Structure formats: structure tokens, C-alpha cells
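Enquirer: Next come the chains, spelled out residue by residue.
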Amino acid sequence: MTDILIETLDLAKRFGDKVAVDKVNLQVRAGEIFGFLGPNGAGKTTTIKMIVGLLQPTSGAVRVAGHDVQTEPLAAKAASGFVPDAPNLYTKLSARELLHFVGELYDVEPVMVERRIEELLRLFDLTAAADDLIDSYSHGMRQKVSLAAALVHDPRVLVLDEPTVGLDPKSARLIKDLLRQLAQRGAAVFLSTHILEIAERMCDRIGIINRGALVAVGTMDELRAMGQGTSSLEDIFLSLTGGAEYAAIAQVLQ
Amino acid sequence: MSRAAASRVSVASSTCKLLWLRVRIWASVLRHATLRRKIGTLVVAALFVALLAAAFTGSWALLSFLRSPELAQVVDLTLVLEALPTIILTGSFLTILVTSFGVLLQSLYLARDMDFLMAAPIPVRAVFISKLIQAILPNFTLLCLFSLPVLFGLGASSGYHVLFYPLVILLLVCMTLAAAGLSAVLVMGVVRLVPARRVAEALAAVGAAASLICSQSGNFTRNMTFDAGQTTQLMRLLSRANAPWSPFAWAGRGLIGLGTGQGASAALGLGLTLVLALAIFAVTLRASEVLYHTGWSQMQAGTQRRPRARPQAAPRTTAARRPALPPLLPRAVSALIVKDALVLRRDLRNLSQLMTPLILGIVYAIMLARSAGQVDPGRGEAPQWFMHSASQMRAYGNIGIALFIGWIMLSRLGMMAFSHEGRAYWLIKTAPVTPVRLMLAKALAAYVPTLVIGEVFLAMASLLQRAGAGVMLFGMPVVALAVAGAVGVNLSFGVAGANLEWEDPRHMVRGSVGCIGSFAGMAYMALAAAFFIGPAVLVPSLGGSVGLGQAIGLVMGGVLALVCALLPPYLMLGRVRRIGEGG
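As they're listed, the protein sequences go chains B and R. Each residue of the first sequence is one higher than the one before, starting from 1 at the first, in the working numbering. Each residue of the second sequence is one higher than the one before, starting from 1 at the first, in the working numbering.
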């Protein structure tokens with residue numbers, strides 16, 4: 001059995017004339033945390049949406065846990081969990097009801113669902129508010145419910161789009177620890193973020209996308225080697241995505 | 001800008017700036033709108049002016065007639081006509097007070113620009129005044145459509161002084177501002193007790209029920225008769241609005257005084273009212289801005305639920321609270337049905353949409369019962385066979401009501417089954433659920449409640465109509481089958497026109513698909529009623545037995561219903577996979 005849990009093959013997406021994602025090829029292995037970086041509008045979220053089956057690619061393919069997302073969507077989706085950038089949830093359900101609903105959608109054993117829900121509520125410090133409607137939750141609490149929903153069925157692949165936005169430092173730390181634990185247990189974690197420090201510290205490998213094309217993939221050392229002596233991820237990122245000139249302008253303004 | 005400099009910025013110029021900004025936004029939206037929309041806006045504006053002119057002419061003519069000496073010999077309307085400005089002003093004030101509540105709630109608490117405006121270097125008062133004006137302007141414009149023509153008509157028919165007309169406008173503006181100010185304080189108070197979003201939901205439900213009851217009350221008043229005594233009593237009641245202690249009467253009497261050239265009476269009445277209205281506006285404006293700015297209104301007062309003490313050993317499980325569903329359904333399907341039921345039940349805005357069929361059903365059932373199953377023979381010239389068929393059709397009125405209710409319910413439960421997922425649809429789309437199961441869940445979530453309510457109404461209408469057991473027994477499968485077909489039609493259009501980007505449930509289905517879907521749902525129900533009931537009416541008219549007619553109807557209608565229940569959803573399965581992908 002292959003240990004590649006996420007694989008994109010010439011993945012492309014066009015919206016009319018605009019090319020959002022242009023023949024992206026990447027692989028994420030079991031036990032790996034993969035950081036996906038790029039400037040605003042580079043194609044990160046579009047790529048992620050194609051990986052989790054929210055968008056149909058214009059061409060190319062995505063394989064999740066060995067299953068093609070287009071031709072075997074059920075098997076691919078059953079293996080993956082997704083945390084979107086905005087925690088849009090059913091606000092008229094309580095966290096407990098929502099997690100139960102997700103557990104049933106993924107056909108998790110009822111006893112297991114109950115156990116997982118209690119564990120996750122406790123883990124994310126949501127037990128006290130578990131029976132309140134999500135309507136009354138703060139952004140951070142919704143983000144935590146969203147993450148808990150992605151973990152109810154214990155996925156082998158976890159895809160997260162900006163997971164730490166709106167979280168307090170304690171919750172952000174919890175998520176980082178959790179992702180590391182998941183990877184150690186053999187899951188593949190695909191994570192998009194704008195916080196380069198998170199990517200640098202947490203990710204085993206990093207992919208940088210710019211204007212729809214994957215411009216660099218590798219470990220931090222490999223990226224440093226590509227970056228002609230630049231040492232920090234920020235410098236590498238700016239040199240690859242064309243933002244270095246802004247840093248120079250900022251210096252002049254100072 | 002420094003704080004001192006900011007404080008120097010005048011309220012008036014800031015208010016003008018904010019209002020001008022709104023005008024520019026409106027103009028920009030219009031400039032970038034499609035040609036069709038631009039033409040539509042012009043047509044609406046022209047219609048508004050035409051309506052205003054027509055209402056003015058009509059009022060003028062009517063009031064001239066009511067003032068005629070010929071009519072005065074029959075009935076004396078002097079008191080009512082003198083009270084007319086007071087009645088109109090009272091009505092306008094109360095209308096603005098009630099209708100402003102919802103728009104101010106939206107404008108102050110649910111619109112997302114308040115934080116931006118409050119943080120800007122603009123006086124808070126300017127923000128509030130501009131918000132109040134923006135909020136009440138649409139309702140005030142509509143109000144003017146009704147009140148101005150009547151008051152101007154009164155002036156024209158009575159030959160009032162020319163100053164009467166600008167003073168009418170000034171009074172309406174001042175009283176509207178006072179009403180809006182009071183409404184703003186009321187909003188602050190209510191929002192302190194109940195969260196704004198919840199208030200908006202409740203308001204939508206109450207508003208929908210009230211407007212429906214008002215619209216349907218015509219069906220009852222149509223059958224009412226007023227005798228001369230009751231009419232006189234009504235006139236006396238109306239003229240009582242002109243009581244001297246009422247500030248509205250001061251204004252009304254002042255206007256009449258101005259019109260008839262009684263300067264002292266006019267100055268006193270109008271002056272008092274204007275001062276009072278402006279004082280109310282100033283006090284309420286100050287109060288509301290202080291209450292808002294200090295955060296008083298946002299502090300929830302004793303309505304927060306305290307954390308409930310739960311026994312550690314027995315954590316609440318969702319499964320224990322959920323209604324049991326047949327185990328033959330896949331778990332994902334039952335989960336979707338339960339989720340839909342919970343979400344629909346808890347969002348009062350959805351309930352407001354579902355209340356319509358219930359109220360309409362009750363109204364029509366009562367009307368059917370009042371007619372006692374008899375067909376109005378008119379002048380008695382209709383042929384016998386026609387009267388017989390009409391009578392037979394009337395006998396199936398209970399089924400008609402049940403189908404009508406089913407149609408309206410499904411235009412919400414079926415047509416918006418996918419749209420009502422909103423932005424949370426990603427949870428379903430990323431889950432391993434097949435389109436067939438998703439469609440099945442949505443169909444059952446729409447079918448079961450519609451069937452239950454349809455059958456209940458059938459039974460209720462049958463009892464009220466004193467229909468025979470045969471008609472009711474025939475009606476039960478008819479309703480079950482026809483509703484199933486309607487679910488298929490509505491659900492399919494709902495898939496085609498699914499819109500997940502909405503804030504207000506009333507905007508779930510939009511565009512031509514929603515419009516065509518509504519017509520298609522209605523056309524299907526009419527066709528199904530014809531297929532089911534047609535043979536049951538025609539066969540006995542042609543000499544056959546009622547049972548044979550009903551059996552033929554069940555077969556014909558049943559085939560149509562089953563085809564519509566299965567075929568359109570099957571054809572839409574491919575599109576279910578693409579919901580939420582845009583383009």
C-alpha cells in the first residue's frame with residue numbers, strides 16, 4: 001500500500017479566462033505536515049477546495065488516500081477531514097448536535113461517535129457550551145467546532161485552510177500540538193497558512209504557490225538551497241512570489 | 001485628526017456627508033446596474049408619481065363629494081371631515097413607530113457598518129441622525145403616497161390657504177422623526193433583553209403572520225354587512241380621535257385652522273405639536289446614542305442561560321433527544337432529515353414562511369364550511385349538467401385545500417431544500433454522501449411534514465364541510481400521491497436554482513429559476529388536481545358510478561404524480577454534485 005495520501009496530478013482550474021490553478025503537482029505522505037503558502041489570490045483555497053471535493057477541476061486529478069476524488073468521491077471523502085478558512089456552520093444546531101450530525105454523515109459507529117464527541121468537546125474546551133446554539137459562539141469557538149467536526153471520524157487526511165485565524169494563543173498552540181500528534185499517528189496534514197512562522201516550525205515540507213503555479217516544493221533546507229543564500233522562510237517566500245520589492249519600499253519609508 | 005478638531009466638526013455637515021455618501025452609493029449601484037434594472041427603476045419612479053397624482057385626484061373628488069350639500073342632507077360628515085387630518089397624522093405616526101422598529105434594528109445592530117462609522121472621526125450624533133433618516137426614508141416615502149394625497153385633497157376640496165400644504169409636509173416630517181426616535185429607544189430596550197438577531201427572527205415571523213392575516217381578513221369582511229347604526233357608530237368613533245387632549249388633534253385642528261384662516265388656533269396647535277415632536281426627537285436621539293455608545297443596550301439583562309448542572313455520569317447525548325426514524329433509512333439520510341427539522345424549527349424566520357399555508361388553509365377551510373357545500377346558482381340560467389359538475393367539484397373542495405397547502409409548503413420546503421443549507425453546505429459536500437442519498441433525504445424532509453399537514457387539513461376541511469367518508473378516503477391517497485409529485489418538481493427546481501450565499505432566508509431562491517419553479521410547482525398541482533378529481537367529477541356526470549370515477553382519477557393522477565416524483569429528481573442528480581461550485 002502506498003504511503004502517499006494526497007496527490008495532485010496536473011491539477012488545473014479555470015474560471016472563464018482566468019487561470020486560478022495551473023497544473024499543480026504535489027504529494028503529501030503519511031505522517032507528514034505539508035505547508036501550503038502563497039500570496040492572496042494565488043490559488044491556495046481553490047487548490048484545497050479541489051482536494052476536498054468542493055470544486056471540480058478543469059483538468060488533472062486529485063487522489064486522496066489512493067482514491068480519485070472525481071471518480072471515487074465517497075472513498076476519498078471518507079478518508080479526509082476539512083477545516084475551511086471561514087467556520088460557516090449550522091448556527092441553529094448546538095456543537096454536540098453538529099458533531100453528531102457529522103459523525104452520522106461519515107457513518108461512524110454510534111458508540112464511537114458519542115465517545116469521540118465527548119473527547120473532542122473536552123479537548124477543545126467546549127464542554128460547557130456544548131448544548132448552546134452555535135449562533136451564540138465567538139469566532140474562535142466556531143473555529144474549534146469546525147476543527148472538531150473534521151476530526152470526528154478520525155481521518156487519515158486532514159486539510160486545513162488557515163486554521164489558526166481568530167484563535168487565541170492557547171487554542172492555536174493546541175491545534176499545532178494536535179496536528180503534530182495526528183502526523184505522528186500516520187495521518188497526512190495539508191495546511192495552508194499566511195503565518196510563515198507556523199509553516200517554518202511545524203511543516204515537514206512546504207509548497208509555495210504563486211499566480212496558480214507551484215513555484216517551489218521541498219523541506220526548509222531544500223527551499224533555502226533554492227533561495228540563493230536567503231535564510232528565513234519570509235525571504236524565500238518574498239523572493240519567489242515577487243514581494244521582495246515591497247520590503248525594500250518599506251525600508252525606504254522608514 | 002485630533003480629538004479637539006474632531007469635536008469641532010459640525011453635526012450638520014457630517015450628517016450631510018453621510019447622507020450624500022448613501023446617495024452616491026445608490027447612484028453608483030444604479031450606474032452599474034443592467035439596462036433592464038435601470039429601466040425598471042425608472043418605471044417604478046414613474047408609477048410612484050402616477051399613483052401619487054391619481055390618489056390626489058381621487059381624494060379631491062371624493063372629499064368634494066363628501067362635502068357636498070346634497071350628501072349633507074342624508075348624512076352629516078362634518079365631524080369626521082374635521083377629524084380627518086388628526087386621523088391621518090395619528091395613523092402616520094403609529095405606522096412609522098411600528099415599521100421603524102424592524103428597520104432600525106437592522107440598521108443599528110445587524111448592518112455591519114456601525115463599527116466603521118462609530119470609529120470614524122464623525123460626531124456620533126451625525127451617525128445616528130443619518131442612520132435614522134436612512135432607515136425611515138423608504139417607509140416615509142410609502143406613507144406619503146397614502147397620506148399626502150388625502151391631506152392635499154382635503155385642502156384642495158375645501159379651498160384652504162396655500163400655507164396649509166407646506167405645513168402638512170413639515171408636520172409629517174417632524175412627527176416621523178419623533179416616531180423614529182421613540183422606535184430607536186424601544187429597539188435599544190428590547191435588544192438589551194433579547195439578542196438582536198433573535199428579535200429580527202421573531203419580528204419576521206410576526207410580520208409575516210400579521211400581513212397575511214390582514215390580507216386574508218378581506219375574505220371575511222366581504223361577507224359582512226354594515227347597517228346604518230353601525231356606520232354612524234364608526235363615524236362617531238373616528239371623530240373621537242379629534243379629542244382636545246391629543247397632540248395629534250392639536251396638529252389636526254391647527255391644520256384646519258390654518259386652512260380656514262383662524263390664525264391663533266393654527267399657530268397654537270401647530271406650534272405646540274412641532275415643538276413637542278422636535279423635543280421628543282431630540283430627547284430620544286440623545287437617549288439612544290448614549291445607550292448605544294455606552295454599550296448599555298448590548299449588555300444582556302438576565303436573559304443569559306446559566307450553565308446547567310449536569311450529572312457527570314450521564315452526559316447528554318443527541319441521539320437520546322432525537323425522534324426515532326425508521327432504521328431502514330441510511331444513517332446519513334436520517335441525520336440530514338433530523339438536522340433539517342431542527343434547523344427549520346429553531347429559525348423563526350423559516351417558521352414565518354411556513355405559517356402562510358397554515359393560516360391560508362384555516363381561512364379557506366372556514367370559507368368552504370360557510371358555503372355549506374352549496375354552489376351559488378346565480379340567476380339560475382346555468383344548465384343542469386354544469387350545476388351538477390360544479391356541485392361535485394365543490395364536494396372535492398377539501399382535497400383542493402389540502403393540495404393548495406401542500407403547494408405552498410413545498411415552495412419553501414422543497415424549492416429551498418438545498419438553498420437553506422447556506423454557507424454550511426461544505427459540511428455535506430465534503431462528506432461521503434451520494435447525490436441519491438442527499439436527494440432522498442431532502443425529499444423526505446420536505447414530503448413528510450407536508451403530507452402530515454396536508455392530511456390533517458383534509459380531515460379538518462372534510463369535517464367542517466361535512467363531506468362523506470368516501471370523499472375523505474379518496475382524498476387521502478390523492479394528497480399523498482400529489483404531494484409526492486410536487487416534492488419532485490419543487491426539489492428539482494431547487495437544485496437548479498440553489499443559492500448558498502444568503503443572509504436572510506427570504507433571499508434563498510432568486511432569479512428566473514426560482515420564478516419559473518414557482519410557476520411549475522403551481523402548474524403541476526393544478527394538473528394533478530385535474531387528473532385526480534376530473535374523472536371523479538366527469539364520470540358520474542356521464543352516468544358512471546362515483547367509485548369508478550375516483551378509481552380512474554387515482555390511476556391517472558397516480559401515474560402523473562409518480563412520474564413527477566421520480567423523473568425530475570433523477571435528471572437533476574448530476575447537478576446535485578455541482579451545487580456550490582458557482583459558474
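In case anyone wonders, no lab produced these hints; they're calculated from the structure. Worth double-checking, as some hints may not be accurate.
[What the hints assert, rightly or not] The list that follows gives simulated cross-link-like pairs (lysine to any residue, SDA-like), each with its CA atoms no further than 20 angstroms apart:
#1 B:K18 x R:G582
#2 R:K17 x R:I122
#3 B:K18 x R:E581
#4 B:K170 x B:T127
#5 B:K23 x B:L74
#6 B:K18 x B:K170
Note that this is a predicted model, so its numbers are computed, not measured.
Enquirer: All hints are to be evaluated individually against the structure, with a verdict given for each.
Expert: Evaluation of the provided hints:
Distance restraint check for B:K18 and R:G582: the Cα-Cα separation of roughly 14 angstroms lies within the 20 angstroms cut-off, and the hinted pair is therefore satisfied. The hinted pair formed by R:K17 and R:I122 meets the criterion: a straight-line CA distance of about 10 angstroms does not exceed 20 angstroms. Taking the CA atoms of B:K18 and R:E581, the gap is about 16 angstroms. The hint holds against a cut of 20 angstroms. Proximity of B:K170 to B:T127 is assessed by CA-CA distance (about 16 angstroms); at most 20 angstroms being required, the pair is judged to hold.
Annotation: proposed proximity of B:K23 to B:L74 is violated, straight-line Cα distance about 24 angstroms (limit 20 angstroms). Annotation: proposed proximity of B:K18 to B:K170 is violated, straight-line Cα distance about 40 angstroms (limit 20 angstroms).
Comparing the model with each numbered hint stated earlier shows that hints 5 and 6 do not hold.
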